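Student: Spelled out, the chains give:
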Amino acid sequence: MKAKHIVVIGVSTGGPMTLKALFNELPPLNAAFLVVLHITPEMDFRIAQGIAASASMPAELAQDGAFMKSGHIYLAPGGYHLKVEGNHRFALYTGPRVNYVQPSVDVTMFSFTRQSAGQLIGVILTGMGRDGALGLKHMKEIGATTIAQDQKSSVIYGMPKAALETGAVDYVLPPLGIATKLVELLGGG
Amino acid sequence: MRTQTTKIANATLSAALVIVICLTIATEVVLKQIRIEETQEAAEVQDHALKLFWELYLARGTNWSVQGRDLMVGSYRVSGSQAVPDRVKAITGSTASVFLDGTRVATNAFYPTGRRAQVTRMPADIYTSVVGRGKPYRGESLVLGEKFLCAYDPIRDRHGNVIGALAVGARAGDYLVPYRRTALRIRAINTVLTCIFILCAFLLLTERRRAQERIEKQLDFLQVIIDAIPAPVFYKDAAGIYLGFNKIYEEYIGLSREQMLGRSVFELWAPDAAEIFHKMDQQLFAAPGVQTYETSAVRHSDGTHHSVIMNKATFHNPDGSLGGLVGVMLDITERKAAEEETRNAYRKLADILEFLPDPTFVVDQERRVIAWNLAIEELSGVGKEQILGNGNYAYAVPFYGVRRKMLIDLLEDPPETQESWYAGITRSGETLSAEAWLGLHNGERYLWSAASPLYDLQGNQVGGIQTVRDLTDVRLAEQERHRLEMQLKHSNMIESLLTQLSHDLRTPLTPLFALLPMVRRHVKDPKLERMVALCEESVQQIQGLTVKALDLVRLSGAQQPVQLSPVPLAGIARVSLHGCAASFEQRGVTCLNEIDPQLSVFGQPEQLALLFDNLLSNAARYAADCGYVRIQANRTEETVTVAVHDDGLGLEPGHCELIFREFYKVDAARHDTKTQGLGLPICKTIVMNHQGRIWAESPGLSRGTTIFFTLKAVEA
Amino acid sequence: MNNGVMIVDDNEHIRQSVQMICEFEDLDLVCAASGQECLQQLQSGFRGVILMDIMMPEMDGWQTIREIVEQGLYRGNLILMLTGMGQPDSRMDGLQEYVTDYLTKPFGPDQLVDALRYYLNLVES
Numbered sequence: 001m002k003a004k005h006i007v008v009i010g011v012s013t014g015g016p017m018t019l020k021a022l023f024n025e026l027p028p029l030n031a032a033f034l035v036v037l038h039i040t041p042e043m044d045f046r047i048a049q050g051i052a053a054s055a056s057m058p059a060e061l062a063q064d065g066a067f068m069k070s071g072h073i074y075l076a077p078g079g080y081h082l083k084v085e086g087n088h089r090f091a092l093y094t095g096p097r098v099n100y101v102q103p104s105v106d107v108t109m110f111s112f113t114r115q116s117a118g119q120l121i122g123v124i125l126t127g128m129g130r131d132g133a134l135g136l137k138h139m140k141e142i143g144a145t146t147i148a149q150d151q152k153s154s155v156i157y158g159m160p161k162a163a164l165e166t167g168a169v170d171y172v173l174p175p176l177g178i179a180t181k182l183v184e185l186l187g188g189g
Numbered sequence: 001m002r003t004q005t006t007k008i009a010n011a012t013l014s015a016a017l018v019i020v021i022c023l024t025i026a027t028e029v030v031l032k033q034i035r036i037e038e039t040q041e042a043a044e045v046q047d048h049a050l051k052l053f054w055e056l057y058l059a060r061g062t063n064w065s066v067q068g069r070d071l072m073v074g075s076y077r078v079s080g081s082q083a084v085p086d087r088v089k090a091i092t093g094s095t096a097s098v099f100l101d102g103t104r105v106a107t108n109a110f111y112p113t114g115r116r117a118q119v120t121r122m123p124a125d126i127y128t129s130v131v132g133r134g135k136p137y138r139g140e141s142l143v144l145g146e147k148f149l150c151a152y153d154p155i156r157d158r159h160g161n162v163i164g165a166l167a168v169g170a171r172a173g174d175y176l177v178p179y180r181r182t183a184l185r186i187r188a189i190n191t192v193l194t195c196i197f198i199l200c201a202f203l204l205l206t207e208r209r210r211a212q213e214r215i216e217k218q219l220d221f222l223q224v225i226i227d228a229i230p231a232p233v234f235y236k237d238a239a240g241i242y243l244g245f246n247k248i249y250e251e252y253i254g255l256s257r258e259q260m261l262g263r264s265v266f267e268l269w270a271p272d273a274a275e276i277f278h279k280m281d282q283q284l285f286a287a288p289g290v291q292t293y294e295t296s297a298v299r300h301s302d303g304t305h306h307s308v309i310m311n312k313a314t315f316h317n318p319d320g321s322l323g324g325l326v327g328v329m330l331d332i333t334e335r336k337a338a339e340e341e342t343r344n345a346y347r348k349l350a351d352i353l354e355f356l357p358d359p360t361f362v363v364d365q366e367r368r369v370i371a372w373n374l375a376i377e378e379l380s381g382v383g384k385e386q387i388l389g390n391g392n393y394a395y396a397v398p399f400y401g402v403r404r405k406m407l408i409d410l411l412e413d414p415p416e417t418q419e420s421w422y423a424g425i426t427r428s429g430e431t432l433s434a435e436a437w438l439g440l441h442n443g444e445r446y447l448w449s450a451a452s453p454l455y456d457l458q459g460n461q462v463g464g465i466q467t468v469r470d471l472t473d474v475r476l477a478e479q480e481r482h483r484l485e486m487q488l489k490h491s492n493m494i495e496s497l498l499t500q501l502s503h504d505l506r507t508p509l510t511p512l513f514a515l516l517p518m519v520r521r522h523v524k525d526p527k528l529e530r531m532v533a534l535c536e537e538s539v540q541q542i543q544g545l546t547v548k549a550l551d552l553v554r555l556s557g558a559q560q561p562v563q564l565s566p567v568p569l570a571g572i573a574r575v576s577l578h579g580c581a582a583s584f585e586q587r588g589v590t591c592l593n594e595i596d597p598q599l600s601v602f603g604q605p606e607q608l609a610l611l612f613d614n615l616l617s618n619a620a621r622y623a624a625d626c627g628y629v630r631i632q633a634n635r636t637e638e639t640v641t642v643a644v645h646d647d648g649l650g651l652e653p654g655h656c657e658l659i660f661r662e663f664y665k666v667d668a669a670r671h672d673t674k675t676q677g678l679g680l681p682i683c684k685t686i687v688m689n690h691q692g693r694i695w696a697e698s699p700g701l702s703r704g705t706t707i708f709f710t711l712k713a714v715e716a
Numbered sequence: 001m002n003n004g005v006m007i008v009d010d011n012e013h014i015r016q017s018v019q020m021i022c023e024f025e026d027l028d029l030v031c032a033a034s035g036q037e038c039l040q041q042l043q044s045g046f047r048g049v050i051l052m053d054i055m056m057p058e059m060d061g062w063q064t065i066r067e068i069v070e071q072g073l074y075r076g077n078l079i080l081m082l083t084g085m086g087q088p089d090s091r092m093d094g095l096q097e098y099v100t101d102y103l104t105k106p107f108g109p110d111q112l113v114d115a116l117r118y119y120l121n122l123v124e125s
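Protein chains in written order, with the working numbering: chain Z, 1 to 189; chain G, 1 to 716; chain S, 1 to 125.
These aren't lab readings, by the way, just hints derived from the structure by calculation. The structure presented is a predicted model; accordingly, all values stated were derived computationally and were not measured. Treat each hint with caution, since some may be false.
Derived coverage of chain Z by chain S (criterion: at least 3 residues anywhere in the stretch with Cβ under 8 Å from a Cβ of chain S; other residues may be distant) [as the list claims (entries may be wrong)]:
hint, stretch
1, 59-68
2, 112-122
Now the in silico label distances, taken between C-beta atoms and shown as ranges [unchecked claim]:
hint, chain 1, residue 1, chain 2, residue 2, range
3, G, W695, Z, K69, 52 to 62 Å
4, G, D596, Z, K152, 20 to 30 Å
5, S, P57, Z, G187, 47 to 57 Å
6, Z, G167, G, E485, 35 to 45 Å
7, G, C626, Z, K152, 43 to 53 Å
8, Z, P58, S, G72, 31 to 41 Å
Every residue gets a Cβ at the ideal spot worked out from N, C-alpha and C, and that includes glycine.
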């Protein structure tokens, strides 16, 4: 079953605690959540477990070739770039780092294409650097709703600021506000 | 002069020719006489020979007859008998021949071949005369192709008929030989003499001509020289008659040389000019020597009036008498024009000086003011008429109130002297400059001044020029700039100090932050717990201060201008509102965001968010309990005015500006440990970064406050 | 050796504060006063959550992380940075993946304990 709604979350430094705060607030929703966190292969599984522990939805590492399912949270594994083919199938890539990182939020966000039915939502949370800014702009251009974390709640206000500066951000919110906005956008189930 | 030379040459030549001709004629006459005498002498010799010839035949017979084809005298056959002719030859040396009729029948003449010249005939004319008419012939004739002096006598028979002739002759050459020799000698002498004569005449002539040419050349050269003089030159004799002049003089007069030579001034010049020249000439002749005078009466042939300097000098004849005068006219018309030009240029310079925007004055070598321009009149309050021509340091009075040395008086002084009058004098080349505060008629002014010596073209110092510039405004601006620079430096220092302090405070704050809650948690004594809580609050306040101070420093210290981009205003306010929701809830305050969601402004989102955070947290703090806060935005053309209104504390009149000062707190907030008095200064800094205005309005205490600020609107 | 917490900070008071809190919370804590000491602890077998101060003399936090990664000591650890400011730092480019979280000084005890427990849980699982 192809997921109807997709939420792509790009996050880096300060990510685990922020994700914990975000997913704590989210009820099970009719959407597939894809989290791209700058992480090493050593830690990715544990982080996914951490998310799973705090979320009301199951969380797991994205498997190469697997299909996205609604109501699931997927974490991009460390050491690979993650692309989503046809907006529903994971593909892992090796290759040079993008924006000094792997996985790169930009790579994942750029792999999405305009989709006719269902919502696309791009979120940039706390993190150092500029990764995800251009990706979020691309998301906006293909019809996605875009959200960036606010400065006050950001552990590191780097990536949200870079995203904001592209002018492609629809909402600037703290994690709790993002949760509320997601519930609102995705119709609470 | 040339004609004269030619005449002499011709006369000399003719004389030589005449002498030669006379000599030749005389010689020829003498020679002819000699020749005639020689010829007569020869004829007498021939007569004598013929007589002898006749006598010799008479000895043979007396009767001449022709028998047969032979001529006979008596019985002696004459024909073919050479004895008689030979005898004649032997005696006289003459040629002798006997002719029968016209034919030679006996002779001592020989052909060059050696054969006797018998049977030849006598010349026809002689035959006609002698034989035909029976007359003797004396004269020259050709015998056998040779010229001979001959004598022919007819031979008559007894009847008296001419039957032949006797002839003797001598070769012309023979009897003329002495004559010829003499003639040759005489002619030779004659020729030599003639040649010498002609040569002498020729040499004389050549010499004369050469001398002539030399003189002519000299004269030409003189003319060339005076022609080459670019000024009119002339010379006259003692009577004032023109003897010569150069080309330019001709051009001046406008007449040809021939028309002018031998004339007087009155014939060449207009009456007025002529009168002057004549009078001056007379004066010069009266007192010979050199004379110079200037006159403008000269009129050029082209009609223009000229000014000239006339230079004249007398010259004397070899005998010492006054010969005349030489004159040169120096045309100074152009020089006069140039002088006029220079005067104009000076006038122009004076005008320029007059209108020079820099106050300037000029003094002469005696330090008298000779120029005092408009700008300095204005600066000093002293008009030209009061100061021009004044010396004795009059120019110092408007500036110093007393007569004293100024820069212009110190140009040649040694540096120590200069320094005693002006501190910080600088010299650049010959220019001195200095600056000072001076009390002028219009108050204290800061003046900069420079002075330089003035030189004429020959490099002689003729005075000085001093220019003054009112630098009061510049000076004040400089001082202001300096003050601002110092201020900036100061604030930069404070900024970096503050930044460092805020950073450094975090380290000691960390244990307090980390440990105080732990302590409070484990303290059982309520008194102690309150004490710890107090400490905690203080630490919170310090932390708040460091954060806000850092914000303020960061915002105001922005080195590069803030990058402004379109920002949806309502969205930013909403985010802030969200952040302050807890504070609002706590006091039951309702907050209304009435900003049009379509409205966008040019701004920096981060700073605008901080602006709303501060304004809303203030509003939440000072709004009435269970009151309300309103956020409104009005767009007027390019500007959006945002108002954040609360219904609470309000402000005393006069506090509306104070609240934007750093660390200022209204009385009610003075003891509020949760506020630092930096919120509104931060807001002000942010609005300033956006080139907007921020101000507060309040009807009075307890009647609420509205904070307004403006931002640039984005075209919808 | 059980997984523990290591505080790497040149300020003794901060180390002691963290130590006291950990004692109250029964968390194993190892103190390192410099990047070198941190590396020594890792070489001696420490595994767990590392609280790393950025501003340290000689070898700062970023250099220390680089050394950890280059010496192959990262596996089994998780790094939380301690700093005074929440501003991006260009010196950390390429190190994002090794820094799991950021704690801003000053931090409260609950904030610290929550983070430590959460990440210890991740490391141990």
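Student: Take a look at whether the Cβ-Cβ distance between G167(Z) and E485(G) falls inside 35 to 45 Å.
Tutor: holds (38 Å)
Student: Examine the stretch 112-122 of chain Z: at least three residues should have C-beta closer than 8 Å to a C-beta of chain S.
Tutor: Three-residue rule not met by the stretch 112-122 of chain Z, so violated; n is 0.
Student: Could you say whether the range 52 to 62 Å given as a hint is met by the Cβ separation of W695(G) and K69(Z)?
Tutor: holds (57 Å)
Student: Confirm or reject the coverage of the stretch 59-68 of chain Z by chain S under the rule of 3 or more residues with a beta carbon closer than 8 Å to the chain's beta carbons.
Tutor: violated (count 0)
Student: For D596(G) and K152(Z), compare the CB-CB distance with the range 20 to 30 Å and indicate the outcome.
Tutor: holds (25 Å)
Student: Could you check the hint for me, namely that C626(G) and K152(Z) are 43 to 53 Å apart, CB to CB?
Tutor: Taking Cβ atoms as reference, C626(G) and K152(Z) lie about 26 Å apart, which means the hint is violated.
Student: Take a look at whether the Cβ-Cβ distance between P57(S) and G187(Z) falls inside 47 to 57 Å.
Tutor: holds (55 Å)
Student: Does the hinted range 31 to 41 Å hold for P58(Z) and G72(S) at CB?
Tutor: Between P58(Z) and G72(S), where Cβ atoms are some 33 Å apart, the hint holds.
Checked against the numbered hints given earlier, this structure breaks hints 1, 2 and 7; the rest are met.
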